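Peer 1: Here are the chains, one letter per residue:
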Amino acid sequence: MLYNIALFVALTVCGAGLLYKINGWFRLNIDIPSVKIAIPPSPRIRTALKGLLTTLFSAKLSSIVKVFFKDILLQLHILKEDFVRWLMHMLIFYGFMFLFLTHALDKIIVTSIFDKYYLRLNPFLLAAGMMVLAGIAISVLRRFVFRVQRLKTTSKDYYALIILALIILSGMAMELTKLTSYQHYQLFWNIHILTIFLGLALVPFSKMFHIFSTPLSMFANAVMDENSEPANIKTRQMMELDACTSCGTCSNRCSVTVAFDSIGNQMILPSERMAFLKDYFANKNIGAKGLVAIQQGIYLCTNCDRCTVSCPARINLRDLWFNVREEIIQKKTANPLVLTPFSYYRGLQRSRLNRKWYDQPAIKVQKKITRPYTLIDQRDQVIPITSEKQVSGNDAGMSDGAGTYSFCFACENCSTVCPVVGSFDDPQQQIDMLPHQIMRAMGFGIKDLAMGSRMLWHCLTCYQCQEHCPQGVKVTDILYELKRLSAKEVTPMVQRSDNTFNA
Amino acid sequence: MKFSLFLGCNIPARVQQYESSARAVLAELGIEIIDNPKFKCCGNPIRNTDKQTFILMAARNLALAEQQGQNMMVLCKCCFGALKNAAFLLAKNTLILENVNTFLSKENLSYTGKVEVKHFLSVLYHEIGIDAIKQKIREPVAEIKIATHYGCHALRPSEVTQFDNPVAPVIFDELVRVTGAKSIEWPLKLECCGAPLLGVNDDLSIEITKKKIAAGIQAGANYLCAACPYCQMQFDHVQQIMSSDPDSKQHLSSIIYPRLLEQAMGIGKTQYEG
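Chains as they are written, first to last, in this note's numbering: chain D, 111 to 613; chain E, 3 to 276.
No lab work stands behind these hints, which were simulated from the structure alone.
Since the structure is predicted, the reported quantities are computational estimates derived from the model, not experimental observations.
Even glycine gets a Cβ: it sits at the ideal position worked out from N, Cα and C.
Not one of these hints is a red herring.
Among the chain E residues that face chain D by a calculated CB cut under 10 Å, a handful are:
id: 1; residue: Asn46
id: 2; residue: Asp52
id: 3; residue: Thr55
id: 4; residue: Gly83
id: 5; residue: Cys195
id: 6; residue: Ala197
Taking CB as the label site, the calculated pair distances span:
id: 7; chain 1: D; residue 1: Lys190; chain 2: E; residue 2: Gly268; range: 33 to 41 Å
id: 8; chain 1: D; residue 1: Gln440; chain 2: E; residue 2: Val172; range: 47 to 55 Å
id: 9; chain 1: E; residue 1: Ser245; chain 2: D; residue 2: Phe254; range: 53 to 61 Å
Please take these sequences and the hints and turn them into a complete structure.
Peer 2: And the structure:
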């Protein structure tokens, strides 16, 4: 009786949890103001069902079958990444599946095939239990002894390992004491049943949810591409956030992990970003500091596709980053990375974006960066020679070619060869100061004119100016240094000080 | 001859033909390529905003090549420029070098400056040589007129990159000529492709690229030729924009250099029109 009630409660909690999570896939949303196509108002569930039906009766069904064998039964993607990890996962997966089908569901499955099924001491159960335990042992070794790089262990991982171990150990103890001590058997039976019901009830809220979300996301990705129904892409991307198991593969492969090691902003690591985004999309609540961090993290990406190629859950991270980036960078905080080559991929993809919103992040940060330097807009202002707002080579952190600006005699060679200057009819109107004027402003120590000039963020870094300077002024390098200095003033908290590198 | 191949981020994701053709011609010329899956971003994109991170990113790659005991061959000119600039700085500044090595020691790496960084074109021209390449040319490309695009970060600052004469370079032209194609003189040969500003200031970036394309057409070129993924993507991208504009009749595609060489060696599959 009590057993039945407990089972009923566990199943109800689990079922309700699953419904809640699945509902979230349709309810939660990436707001992508700059993506051209508006989401049709019809509910996303209807669109998803329509997509599902048309897929099941099309040739795409074969992709689903392929994914089922390759990625779910054989998990070749994990094997490609790391044999030990694959072994661990296969041991737990097959050991547990065997126990689930032949032991937990024995009344439904096994007895329907073998009508007189009963074993006093079932060696198959013990073997399967040993398999799961071996998997858990490998996992513990990887996490705590060998400390695999970028594999982070959170409370969710502790929970998953402990509950699995408890279920298996109590079950094995139960099996072994069955013939010897009824008292012990009873005790282990209680632990076994309790942990199983607890585990079952918490499936939707724990790491174990990935046994549903990850295969589903794999199927969805196998039959969808960037031209799929936009509503379905949003739904899939919310599902993908749940499909991530925080295994750290992406962060290991990521091209810019050194930036994380240097700056210390966790949001630079893709797997950390996934964990953050799960919470973010559930309540969209981030403080000012969190916003700056996620803006930097999501933009500090070379779009090298390594995360997408290596993800064992086959999550289409490329498109997920693309859409999430659009939501995040339209928020009010300014992000200097928008003015750097990190924007190149977004530029290539401009036709996918709405032009009205597309330019906004760059305009916003350009304004914010130049705002403190008011002098640049007051062209008739008389400037005192001993200005308080001076900038020295030291301020600008000019390690290489420090102070060469003082050799400038304003021959204007740099401005003459500059392809940016040459692109404007009235360059001063468009970019405030020409390269030679910036060098002279540096010479006079007028920080406002050097740092407030839009020329800095229009520089192609083609080095024509520096190559052609008869005085050996490192013009391009100085422009680089000025850019770094102003970027640091805009986002000080996620820019670690350069001081140790300026000697 | 062996090199550790540095691909960077863009080639594997978006300009795969550069890698496949480069591997094909290098194999034909007897160069052994060593891959290093640990290589990561060269640091170039972050040069604008964070010097420390830029140097660390570049130095880690240099140290990995040093650990392999190989010189580096770089296909991308922006990667090449970034790595060269970092190496130049580290050679001059021992305090930064010390800081870098403290950082690298966490991964059991160190950088002493032993490794040489070479661009793909320099390897072809200086290490293999025009004569050796000539012997492998089996199907010279018939009279195609090529406008070479040198690429800024390879050429300048010449003091750092040591690639070629910064005002009158010849390497690329000779490498084009050896394929049988004609390398034409044109005024914007050494100018920027416009790529660094795409996504930042698109109008200016595209304007600069259009100017180059127009100058190439006016000089009578059949093709532009690049040896850098950024330049190649930029030319392709802007050409696509121009082609979708009904008023624009101009058309000048860009070939990534090893495709041309591959063709002339008779190992490529693509056919180019004269």
